[in-house]
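K.L.:
Sequence:
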Amino acid sequence: MKILKMYESNINDRYMDEAVKTLRDGGIIIYPTDTLYALGCDALNNGAIERICRIKNINPQKTPLSIICCGIAQAAEYARVDNKIFKILRTYLPGAFTFILQASHSLPKVFKGRKTVGVRIPDNAIARGLAERLGNPILTTSIEWPEDLPEEGCELESIALRYDGLAELIIDGGTGELIPSTVVDCTNSDSPEVVREGKGFLE
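To convert, count from 1 in the sequence shown and add 16; that's our numbering.
These are calculated hints, taken from the structure and not from any lab test.
Misleading hints may appear alongside valid ones.
[What the hints assert, rightly or not] Label-pair restraints from in silico Cβ distances:
| hint | residue 1 | residue 2 | range |
| --- | --- | --- | --- |
| 1 | Gly190 | Glu34 | 24 to 32 Å |
| 2 | Glu173 | Ile71 | 13 to 21 Å |
| 3 | Asp41 | Ile74 | 20 to 28 Å |
| 4 | Arg106 | Arg212 | 17 to 25 Å |
| 5 | Asn75 | Val210 | 18 to 26 Å |
[To be verified] List time: in silico DSS-like cross-link candidates among lysine-lysine, alpha-carbon distance up to 30 Å:
| hint | residue 1 | residue 2 |
| --- | --- | --- |
| 6 | Lys78 | Lys100 |
| 7 | Lys215 | Lys131 |
| 8 | Lys37 | Lys100 |
| 9 | Lys72 | Lys37 |
Idealized CB from N, CA, C, for every residue including glycine.
Sequences are here, hints too, so could you generate the full structure?
P.N.:
Written out as structure tokens, the structure reads:
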């Protein structure tokens, strides 16, 4: 696994382009967010999505899937954003939230039959920059680590060893966190519901 070391305060264009090329080629990367480190792939590449689902041992037809977008405009291409939803997203994003929205028809066939999609716009310039340079969202899912060794979820050396041979590239943005995003169900825009408490605080 190739490791590219860079931080939000000093983003390396060449490294970002290399990571985006990996995504375009159907590869899987590990990258920092404003919460946990995450596995990511091109959200429009069915084969790459299926690889991530196998790595995480999840059934994409039964497990909610989430995407990282560079901004609300990109998110609105893949999820339904009405005026009420827009105001919520504008208030809390970028931030440590996953908003569950009604899915649009722009997502690939692995999403077909699914009515919702989780949308993230992290407060992390690397994560947002990847989605911007890719030109479409990144399918995202948090890395996993042994419950008895929680520190392995934020230490890059442990992450690299755990996912060696499973991901093509890792962006080392420093020590990660162990608190996930706050998940908010906005499918009823009149009364958004927090379904998982996390780092983000919804007023």
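K.L.:
Compare the structure with the hints numbered earlier in the document and write down the numbers of the violated ones, lowest to highest.
P.N.:
Hints 1, 8 not satisfied by this model.
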